[in-house]
Amino acid sequence: ENAIGWYHSHPGYGCWLSGIDVDTQMNNQQFQDPFVAVVIDPNRTISAGKVDIGAFRTYPKDYTPPTSSSSEYQSIPLSKIEDFGVHANQYYPLDVEIFKSSLDEELLGLLWNKYWVNTLSGSNLISNRAYAVSQISDLHQKLARAQSSVENTRPPVPALKGHDEKATNNKQNDKKKEDNQLTKAVKDSQKIAVEAQHGLISQVLKDVIFSSRPSQQPQTPRVAEVADATMSIG
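With the first letter of the sequence shown counted as 1, position 182 gets the number 182 in full-length UniProt numbering; the numbers rise by one all the way through.
No lab work stands behind these hints: they were computed from the structure. Any given hint might turn out to be false.
[Claimed, not checked] Distance condition first, Cα-Cα at most 20 Å in a straight line; then the derived SDA-like pairs of lysine to any residue:
1. Lys80 x Val186
2. Lys80 x Thr45
3. Lys191 x Ser127
4. Lys50 x Ala144
5. Lys187 x Pro77
6. Lys187 x Ala48
7. Lys187 x Asn27
8. Lys80 x Leu125
9. Lys191 x Leu94
10. Lys187 x Ala144
11. Lys187 x His140
12. Lys206 x Ser123
13. Lys206 x Asn128
14. Lys80 x Asp188
15. Lys191 x Gly109
16. Lys191 x Pro11
Generate the whole structure from the sequences, applying the supplied hints.
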């Protein structure tokens, strides 16, 4: 059965469905199913060097989805986190497989022949720097919020025997909340660092391959050395 759908972009804030997206998808599924929603993040695609894409379908309005197991963590900016969380249980992701047809191959070849100079001379660190700055700013806000949460945590108050269990549970819940915020901030910082490393490695490889310096060793062992360093970073 041939499916139809719609697509849009979330520049810099990941592949998921907002409240408006959920309503749009629900209406389309109701009147012209099978219908699928596709979301692409162009900024993260450039930064990570691979296509950041997601495909989704919504649940029926009166359906309550089962409690899902912990899925892969996705970095969401603070400005979008509320919209993300409110509607997260109203849709589900689909498996995405990317393939290249013979027509795609021909079109990409034409684009490469036209823009290969721009590709080799450009730098993702420069062309995508606004996104990198926004990531660092968002990380700063998340760390500040986590720090505020820790500072506002009160020391345990001595309790009577009958209240020990309740006090212990409250303390554990506060601790989990703090750890969760810090853990997410750490994952976000790792993501920023890895993407920056990939951009730097790309520039180093271009320099090694295309820059000719008579005083240095031949290019082949230098490329191998950089490639080995790249693999060790991952």
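Against the structure, the hints:
As the CA atoms of Lys80 and Val186 are separated by approximately 19 Å, the hinted pair is consistent with the 20 Å bound. A hinted pair counts as satisfied when its Cα atoms are at most 20 Å apart, and Lys80 with Thr45 qualifies at roughly 19 Å. Restraint check for Lys191 and Ser127: satisfied, since their Cα atoms lie roughly 18 Å apart, inside the 20 Å limit. The suggested pairing of Lys50 with Ala144 is violated, with an alpha-carbon distance near 31 Å, which exceeds 20 Å.
At most 20 Å may separate the alpha-carbon atoms for a hinted pair to count; Lys187 and Pro77 meet this at roughly 13 Å. Taking the CA atoms of Lys187 and Ala48, the gap is near 15 Å; set against the 20 Å cutoff, the hint holds. Proximity of Lys187 to Asn27 is assessed by CA-CA distance (about 36 Å); at most 20 Å being required, the pair is judged violated. A distance of roughly 24 Å separates the Cα atoms of Lys80 and Leu125; the hinted pair therefore is violated under the 20 Å criterion.
Between the alpha carbons of Lys191 and Leu94 the distance comes to roughly 24 Å, so the proposed pair goes past 20 Å and is violated. With a C-alpha separation of about 15 Å, the suggested pair Lys187 and Ala144 falls inside the 20 Å cut-off, and the hint holds. As the CA atoms of Lys187 and His140 are separated by approximately 13 Å, the hinted pair is consistent with the 20 Å bound. Taking the CA atoms of Lys206 and Ser123, the gap is about 10 Å. The hint holds against a cut of 20 Å.
Pair hint Lys206 plus Asn128 holds up; C-alpha atoms about 18 Å apart against a cutoff of 20 Å. Simply put, Lys80 and Asp188 have alpha-carbon atoms about 15 Å apart, close enough for the 20 Å limit, and the pair holds. With a C-alpha separation of about 31 Å, the suggested pairing of Lys191 with Gly109 is violated against the 20 Å cut-off. Taking the CA atoms of Lys191 and Pro11, the gap is near 16 Å; set against the 20 Å cutoff, the hint holds.
Comparing the model with each earlier hint shows violations of hints 4, 7, 8, 9, 15; every other hint is respected.
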